[in-house]
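Heads up: the protein sequence lines correspond to chains X and B, in order.
Reminder that position 160 of the first sequence reads as 159 in numbering that gives the first Met the number 0, one-by-one numbering, no gaps.
Reminder that position 144 of the second sequence reads as 143 in numbering that gives the first Met the number 0, one-by-one numbering, no gaps.
None of these hints come from the bench; they were simulated from the model.
Be aware that a few hints might be false.
Which copy is meant is left open, because identical chains are indistinguishable; a pair holds if it fits in one copy or across any two.
[As the list claims (entries may be wrong)] Computed list of lysine-lysine pairs in DSBU-like fashion (alpha-carbon distance at most 30 Å, straight line): (1) K118 x K173; (2) K54 x K125; (3) K118 x K63; (4) K173 x K125.
There are 2 protein chains.
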Amino acid sequence: MPRQRDESGESTHERILRVAAEVFARKGYHGAGVAELGEAAGLKRGALYYHIGSKEDLLYDLSKRHVEEALQRGRVVVDSDLHPVDKLRALAREHVQTIAARRDEVIVVLREMHALTGKRARQLGKLRDEHQNLFARVLEEGVEQGVFRSADHVTVLGVLGILNWSYVWYDAEKGPLTPDQVADRLIDIVIYGELASPRSAGRNGRQLEAPAPVQR
Amino acid sequence: MPRQRDESGESTHERILRVAAEVFARKGYHGAGVAELGEAAGLKRGALYYHIGSKEDLLYDLSKRHVEEALQRGRVVVDSDLHPVDKLRALAREHVQTIAARRDEVIVVLREMHALTGKRARQLGKLRDEHQNLFARVLEEGVEQGVFRSADHVTVLGVLGILNWSYVWYDAEKGPLTPDQVADRLIDIVIYGELASPRSAGRNGRQLEAPAPVQR
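All chains, please: the whole structure from these sequences, using the hints.
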């Protein structure tokens, strides 16, 4: 497939992916017609199909590119020799930075990925598992070093969830917090918890103690 | 509008909402045609419109009913005289129980609510804010009693996010955890944090201390 580039250096394929993310985010994957996608990208139906194959290819290509880039950036953090707490914070910052900078793509990947079928669904699922594993590895490292309490499945998905959910409520353009500030606040909840003091006593004077660590 | 009930006591309107949740969850709001909705509910196009008005009415009605019910159950918890920590746990359990028991509705409300427009979007947004406020009130109560560190906007959305995200990965039918177990594990992260000990030292021997509380 020819990869012609326009003046900004963006290839037709890249432009289609960018435009598709915007249209899918706004109208939903199922609600976006191929004619509308072509129009938004400035291509006739035939030319669009020449570049993408099918609407599902488009969803797959843009999701795959997005997750692969997140994976690549995350791996740099995980492979560093940072302290587990700092690694978790750095991963969180990477994650919220991505959500802030590429909101359309994130909306499409998080909201529409379930529309993929067959082999494409499996391949993207595998990529997302790899990304999830970055968080698992950092938590496991922390457990091994006696820093974190748990690295089980629910903990990993809880950490991803508290970060991912920001795609719903956080718009970096509106602020006032920067992506790093949002990431820091969220990951501080995960690291330190909400108890004002580990010996916070209830009204009834009882001690509040953390539950025993959960094995993976 | 007549509210005829079938043998199970379900009115036609209730049946339409139930069926619509299933179809919207599977095909997306934009991807679900009115003809398909009518067929799934066993109604002709005219009869369907007689009961619902429009597809957007349907999305609004089922989302509204869902959030109102969650609100009602949550208020019972918030108005109780439980300790703030127990209230937060009880709210979390209610939330994950709802996600587990009514997965289609939750998928539609969380994934498709953005498709509502105008007055309907505002009204549902107001209801969701009220629901969010239940979590804010419990956290504020905890801060006032010196139990919790913060009740600011990001904390409230963080708590909601860690719970909400379970709609993506948790399927109660597959288990192995019960909804209450999932809720407990997630809310324990929020309450106690992941540090094995408040004095967990890094490899470099440094002390890890919780950041200062954030004002709302």
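Have a look at K118 and K173 and pick one of within, between, both or neither, based on CA distance no larger than 30 Å.
-> Result: close only across copies, 23 Å inter versus 39 Å intra.
What label fits K173 with K125 when the C-alpha limit is 30 Å: within, between, both, or neither?
-> Answer is between: at 20 Å across copies they meet the 30 Å cutoff, but 34 Å inside does not.
Intra- versus inter-subunit Cα pairing at 30 Å for K54 with K125 | within (21 Å within a copy, 35 Å between copies)
Should K118 paired with K63 be assigned to within, between, both, or neither, using CA atoms and 30 Å as the limit?
-> within (13 Å within a copy, 37 Å between copies)
Of the numbered hints given earlier, the model fails none.
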